[in-house]
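Assemble chains B, C, D, E and F onto chain A, guided by the hints.
Number of protein chains: 6
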Amino acid sequence: MRIGAYGEVMLRLTPPEYRTLEQTHSLRMDFTGTGVNILGNLAHFNLSASLLTKVPKNRLGDAAKANLRTYGIKTEFIGQAHNHIGSYFAEVGFGARPTYVTYQNRRGSSFGVSGPATYPIAEYLETIDLLHICGISLSLTEETWQTAITLAKQATLKNIKVCFDFNFRPSLNLEEGQREILKKRYEAILPYCDLVFGSVRDLHGLLGFGEQLPIDGLEEQQIVQAFMAQYGIEWFTGTRRIASEDKQFISGMIYTKEETVETAPQLLQVLDRIGAGDAYAAGILLGYAEKWPLKKTADFAITNAVLAHTMLGDVPLITREQVEQVLKNPGVDLFR
Amino acid sequence: MRIGAYGEVMLRLTPPEYRTLEQTHSLRMDFTGTGVNILGNLAHFNLSASLLTKVPKNRLGDAAKANLRTYGIKTEFIGQAHNHIGSYFAEVGFGARPTYVTYQNRRGSSFGVSGPATYPIAEYLETIDLLHICGISLSLTEETWQTAITLAKQATLKNIKVCFDFNFRPSLNLEEGQREILKKRYEAILPYCDLVFGSVRDLHGLLGFGEQLPIDGLEEQQIVQAFMAQYGIEWFTGTRRIASEDKQFISGMIYTKEETVETAPQLLQVLDRIGAGDAYAAGILLGYAEKWPLKKTADFAITNAVLAHTMLGDVPLITREQVEQVLKNPGVDLFR
Amino acid sequence: MRIGAYGEVMLRLTPPEYRTLEQTHSLRMDFTGTGVNILGNLAHFNLSASLLTKVPKNRLGDAAKANLRTYGIKTEFIGQAHNHIGSYFAEVGFGARPTYVTYQNRRGSSFGVSGPATYPIAEYLETIDLLHICGISLSLTEETWQTAITLAKQATLKNIKVCFDFNFRPSLNLEEGQREILKKRYEAILPYCDLVFGSVRDLHGLLGFGEQLPIDGLEEQQIVQAFMAQYGIEWFTGTRRIASEDKQFISGMIYTKEETVETAPQLLQVLDRIGAGDAYAAGILLGYAEKWPLKKTADFAITNAVLAHTMLGDVPLITREQVEQVLKNPGVDLFR
Amino acid sequence: MRIGAYGEVMLRLTPPEYRTLEQTHSLRMDFTGTGVNILGNLAHFNLSASLLTKVPKNRLGDAAKANLRTYGIKTEFIGQAHNHIGSYFAEVGFGARPTYVTYQNRRGSSFGVSGPATYPIAEYLETIDLLHICGISLSLTEETWQTAITLAKQATLKNIKVCFDFNFRPSLNLEEGQREILKKRYEAILPYCDLVFGSVRDLHGLLGFGEQLPIDGLEEQQIVQAFMAQYGIEWFTGTRRIASEDKQFISGMIYTKEETVETAPQLLQVLDRIGAGDAYAAGILLGYAEKWPLKKTADFAITNAVLAHTMLGDVPLITREQVEQVLKNPGVDLFR
Amino acid sequence: MRIGAYGEVMLRLTPPEYRTLEQTHSLRMDFTGTGVNILGNLAHFNLSASLLTKVPKNRLGDAAKANLRTYGIKTEFIGQAHNHIGSYFAEVGFGARPTYVTYQNRRGSSFGVSGPATYPIAEYLETIDLLHICGISLSLTEETWQTAITLAKQATLKNIKVCFDFNFRPSLNLEEGQREILKKRYEAILPYCDLVFGSVRDLHGLLGFGEQLPIDGLEEQQIVQAFMAQYGIEWFTGTRRIASEDKQFISGMIYTKEETVETAPQLLQVLDRIGAGDAYAAGILLGYAEKWPLKKTADFAITNAVLAHTMLGDVPLITREQVEQVLKNPGVDLFR
Amino acid sequence: MRIGAYGEVMLRLTPPEYRTLEQTHSLRMDFTGTGVNILGNLAHFNLSASLLTKVPKNRLGDAAKANLRTYGIKTEFIGQAHNHIGSYFAEVGFGARPTYVTYQNRRGSSFGVSGPATYPIAEYLETIDLLHICGISLSLTEETWQTAITLAKQATLKNIKVCFDFNFRPSLNLEEGQREILKKRYEAILPYCDLVFGSVRDLHGLLGFGEQLPIDGLEEQQIVQAFMAQYGIEWFTGTRRIASEDKQFISGMIYTKEETVETAPQLLQVLDRIGAGDAYAAGILLGYAEKWPLKKTADFAITNAVLAHTMLGDVPLITREQVEQVLKNPGVDLFR
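Chains as they are written, first to last, in the UniProt record's numbering: chain A, 1 to 336; chain B, 1 to 336; chain C, 1 to 336; chain D, 1 to 336; chain E, 1 to 336; chain F, 1 to 336.
Chain A on its own, in the form it takes in the complex (with noise of 0.2 Å):
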């Protein structure tokens, strides 16, 4: 299954050593965003990856491609125009220090002024089975949301599956108004999807089901079934943290109309925050293009997120090896 995904690249800028911005005068440079890191992911378990995304028609844009090539995506399909691309400085926690991201840029960048015309939008579905689309793309501008909703459309019409991850900040969403854009926006491309990551906070909190909070286990199975029955959904699934002490475990569960599964939780040991969820959504889409079993689908992702956690930088550059080594020999800390 050849899969791509529409979404921002943006420019990670990073202090090393988990300093902050006033203590350094050394950044580390990568390239990432949801659809590279999946992207990314998954071409290191050898499938075709490939990104639909706009950089900058400069030496920034080159590099960028030089990047994503690194990671294995198929880069055929990136176009360069515009100056500018989104970036954020990311200044690394330690223990009870929280990382702080700072954003520049997002809405002026070439990903961000670009609407659908401005893409090869039938030549590119020709290329692919499986297409994912990120939440961000809806509330990010009109051209991302136009750009989104157009995809998803198409891909439905040539019978490529479509994944899309809510990725639901409520906190970027405060105003009311702005809010209920969102809302419509997020009911009007539901019903191409047929994957969808998420969590019941996210079906609560911005489309409104259910009561009040908190849910209980009880109606958050129904909540789910409602959802998917809704709008067709066909598999539904994310990650859920526990917080035990100074610990921190993560589990990840997947439901179908049929069946829902969860994996034990797994000890989170963590180097760097940021991008974990995409490797959880990685080892999902694995699952599902190879035809896994949900059980075993679930536990390769929800290692493939634990390992995500162990490695700098946001793009999970884990092997099908390494996943399948952990799930083998847990607690084999060296292998020669």
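Simulated from the structure, these hints should not be mistaken for laboratory data. Please note that a few of the clues may not be correct.
Repeated chains share a single entry, so a pair holds when one copy, or any two copies, can fit it.
[Said to hold, decoys possible] List of simulated lysine to aspartate or glutamate pairs, DMTMM-like, C-alpha gap at most 25 Å:
no.	residue 1	residue 2
1	74	129
2	74	321
3	158	22
4	158	321
5	65	76
6	328	246
7	57	333
8	257	234
9	74	126
10	184	123
11	158	290
12	291	180
13	57	290
Just chains B, C, D, E and F now, kept in the frame of chain A:
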């Protein structure tokens, strides 16, 4: 409230990545010292923070001043004279391996050889409302002792609050005669002090309060109250460390004549073991300067100290917002 | 003489070791800009140097201010608002390979979107005796243009000297309409200016002085004098580059109504090609501020510019002593 | 025209900052080789560039492929087998100190032990229009020689142009018997070649053309024409270095049956002494592929080689635009 | 007691900051190997430590020797011949992600191709009182096996103690015939050995002691005693790892004919997972050389091993004072 | 011939990339000094090289010794006492910008406070055939002066050759009384010296030889011969720098009673301006030790000095082979 401090600027040289001096050709250069740390932190709390000290009259002294300005410290009263700066090498430990600090050249430094006549004390005191003096000045050289006591007396005359940090390290004062001299100096300066940072161990070990170790909770209260009464101290404050298995916890306490508050113990996750005591002091001074309730002050200060352990370098570049975020949202590990 | 400047703070990101963006994951981060460069240098000459600008109200803006403080720039009038900072990537060239500068996000920056109403102009002007305005402000946005002209007018009212840097880049102003607007803005601000940095090429290319290129020495004199007379300019000054085989030389000239001085050509040995023009300006302003003879001023300024080419980064952190040592001991390559 | 190349991928390990191996614990890691260099450059000229080679079947081989993708090289025909990669340490010289290259492990590498049967030659040849073969393959191992001759023959059968780089290093082939074998291999492959990179010194030294050294200009013409006639070579091309005082110049020449062109000598300013010959080859192949006039081709190629000397690393990541800018604006040292 | 060792010098190449080979262009270069590690540590305990080995006769071999000298190892008996050095890439793991070691070029290294005739064995043995031989020599090449057995025999003749490290990795010796050969070599060398580092698992897995796994405590005693009796072994010693939740503990044990001691389990906090076994060995050899009681020896050795886990790099550069400080002041995390 | 030297070990701290102290938080750490430089170089020529000095009795002193071992220097006679090491910061210049050296803490260093009684002089002299003494010892402290003269006398008694380096820096000895003392010390030690490194400027400026500056070639001969005759000097030798436009040349000369040789001037291309004089000395000592002809000695020494300018760091880690290659193949810039 405008805060001043009299203290040494030291050059800290640190091998990267937990390496030892033998393992590296690369050192991180920072400028530090108790006064520097406290003032740098207070400047990040948006208080006016001005240092009184001497650095060399050469390019190294220029660089020291440039670094202090970065922290937000006012450098108008930093004189430049002589040629040497005190320095230390910090080989940062990990796990069971302790951090090793190797000092160089402290007594012969520009700071160490400068007595009170070399400072524009009257002008300086015009610019501050509270003065911090570090106990190290009492044991470093005759010149620094004379400067410290002169400052304490003149500040008191001008109704400027004096804050004194015991900073008594028994291991550094082994010889009996030395210790007697030191005791007399502490006793001479304390009548001019309003806030004192220290521990019952200091009161017992240096000043002879209490009978014998260990000291229980009740006796501790009595000793502290006796000490405060004798010298007319307003606040006596410090931290306590508790080890439990392989974890460390820290709590902070403040004594006044009327009241004693102690915070809940906080888990320490340590990136750098040096300078965290100064962060506690900065938090206390903020609460004192802004007339916060004791409990709020202690909670803020201890959280600030916990955060200081998570930053590389001695100088705790923590903002007021960061401390408040952790107090409000403990456990949140990512802010976007 | 206390110097002020109104100008943009930019983030400069530089790959190390002459590498290109494609070849590295590591970037050097610096904060720069014409105003920053000139003030940073003047502060190293021990003049009071205060910047009027806006940086983002976030951790990146905090870091920018911390960096400016290192240079010795006063930051009391640096506002924090909005979220973006202009930035550029500098791929440093070598030999025949030119340096490539790629800009990001300038017009939407905190500086670019802030008009005169957002600055405490009157208070700021109380603190300075001379104000430097960079021509870039005239072409960046309507807001920066309005701020620049407002500042020039009010400074003139208060008998504060105004120093204006043409900084006209024909390549950036291709469209005919744009250019007409720009010409009018230059003509509008020049009557309020006392010192102008520029070249005959600027006077010809933008303002239409002189007949046609090339312009010979005599005509040059006439054009400059006509220009100075028309706008009441006190000093007109700039540099000239001469290439000879594979070497480059630079000379500086100052025109007043009465006199023209030009320095001997100085050999350029270039470590970093950006920011050296600002070093020349800083040298000129020092001589002007301290009422030096024209020739001494020009010699100091051109030596300062030569030294600026030998330092990495845009900000010329050169001291008065360093320039004087080179003037006194040319060819001495080691001071102990 | 789609370009292919058969050649070794090597690991280059370089101490930073002109240091020697003794002076550092830090190495820069790059993946390089004649085929890699030429294809990486051609990909930056926007030509399709696909490498035929073997890298280890382990994490190092994975990393090698990731690096080649960055350069823009197609990796579909890069096999993974065995465990070793050839490597070299480059201690970069400065001034009178030469660069020292220390090789490791070439003959036992995955590339060295792989013969023609291990490559999908027919499929590969379907994807290219011109094939570059490096002379090193003729002397490395019996397996690489067999692969090279097989490729040359099959390419000729399919009307794919064959381009051969002499790359003959007398110092590496000291033993007389060895040299005889090598001569026979060169004579065996040349009839299948269309373009040849080399020098008259190679034709004389290995193949025995011409009487004795030195060879004057006229004789040079005769030797080259005789060589080209004997083997039916379309283009014979190479560079010439001229030293003058402490400067070095380089010129390029192309011979065809009808015509000889030679460029003006270009000044070399050298940041890295390795890989510039491959940049010349890439420039020649671009002109050949796009049927440019000989002179335009040679000028482009020699400028590209000059630029390659100004970049760190063997792989000349120079774009078509960069070469054209230097040709159009020689001496411009800053593009904004 | 003067200690010698026969073993391979390897080049270790490590990406920084827990990165993978794909994520970096930067590698840390170190020279390591079982003999190097043990001798480097013993030199830090102020024992005379001299290595017998071969490194390449080129600049890389020179650099290897320079590095060994840093550790304090005597290099008089390190020959230089041939051109290759064995190397390995260590991608350091974190949390659930294991460390991956990728070897290059071991069997063809200068060490691997050098047999006993190439070493001045008699002269070497004059300079030492105890010789350490690593089991890897028995499986690497015929030449290293011959050298090892020759050394063991001649040392025994001269009453030099022989210390042998099993270092048996089942995964590396899969083929049945190979294993049989290896078993015979172990059986041939053991009669000449006095101290043996290993585990009951080795005695069972390679030499066939004991019935079947798992082996209980009592049987373990019997196996070890039988093994020691059969080969006349003085000390048999090794470590045991115990995992408990997400923590790891380590203990050390020494068997003699009369006595068995085992240390309390020590918590492992791991910065680098490679080389800690050699630190244990160095601690044991120190106690043996200085005739300490068994318990003191084991406690020192296990503490040394715990400290080795907290240092980057294979070579445990731990001093006697450091171990003693940790034994005396467990939990003290800062020495000034 | 086994070479010894008595001299200070200094800590050199260098900002990277031609940066100034203000521009960096990163320093390169090296251990250096005239004796270190000469012996490190001689060890690379395969001569026995042993240093007599004192370093601190702490972890910094341990690191100093480890670094000296890397260079190949024998450290058996390096004592460890006291706590301080002399250090200097080297801000490396470029083009017109000179290198700035800022010293710290020399007179109070372990070396500075150690007199002759603290060294095992007799034992040390047993191990060497020639002793190098640096003139700095005569001006540093009374203790180092006493040690130097004691060594010179005892060496002479044992027929060990004494080699003395003037190393007289007028700028460091401004006060008249100081200078008189220094002159007497030089006059006192010279009768014990066999080889002297210096210049006619030294003989004139410190010892009062010759009438007045400038000194022409003939007078130079007379002065040197008079000096050599007076003190019984065997060889007097030094270098001469000639500047021509923006280039620098260096030549070396050796005077004996019978003969004067001077090399051709060599072009200097400078990567690091410190330590090259010591390379010249090392080359001279090699020729002296191996009884080469004067001209061969001078040519080797001056080429070695030229190469030393092309290496970072003071210690010239140049091998005999490297010098010979440059002498044989001048202009070859790449060895494979």
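Quick rundown of the hints versus the structure:
Taking the shortest alpha-carbon separations for residue 74 and residue 129, both the intra-copy value of 14 Å and the inter-copy value of 22 Å come in at or below 25 Å. Taking the closest pair of Cα atoms, residue 74 and residue 321 come within 25 Å of each other both inside a single copy (22 Å) and across two copies (24 Å). For a Cα distance limit of 25 Å, the shortest separation of residue 158 from residue 22 qualifies neither inside one copy, at 51 Å, nor across copies, at 36 Å. Neither within a single protomer nor between protomers do residue 158 and residue 321 lie at most 25 Å apart by alpha-carbon distance, with minima of 33 Å and 39 Å respectively.
Both within a single protomer and between protomers do residue 65 and residue 76 lie at most 25 Å apart by alpha-carbon distance, with minima of 10 Å and 18 Å respectively. For the identical chains of this complex, residue 328 and residue 246 are inter-copy neighbours only, at 17 Å across copies versus 27 Å inside a copy, given an alpha-carbon limit of 25 Å. Taking the shortest Cα distances, residue 57 and residue 333 sit within 25 Å of each other only across copies (21 Å), while inside one copy they are farther apart (44 Å). Taking CA atoms no more than 25 Å apart as the test, residue 257 paired with residue 234 passes inside one copy only; the shortest distance there is 7 Å, against 68 Å between copies.
With identical chains, the CA atoms of residue 74 and residue 126 are at most 25 Å apart both within one copy (14 Å) and between copies (21 Å). For a Cα distance limit of 25 Å, the shortest separation of residue 184 from residue 123 qualifies neither inside one copy, at 29 Å, nor across copies, at 49 Å. In this homomeric assembly, residue 158 and residue 290 come within 25 Å of each other (Cα to Cα) only inside a single copy, at 20 Å, whereas the closest approach across copies is 39 Å. With identical chains, the CA atoms of residue 291 and residue 180 are never at most 25 Å apart, being 37 Å at best within one copy and 45 Å at best between copies.
Taking CA atoms no more than 25 Å apart as the test, residue 57 paired with residue 290 passes between copies only; the shortest distance there is 24 Å, against 37 Å inside one copy.
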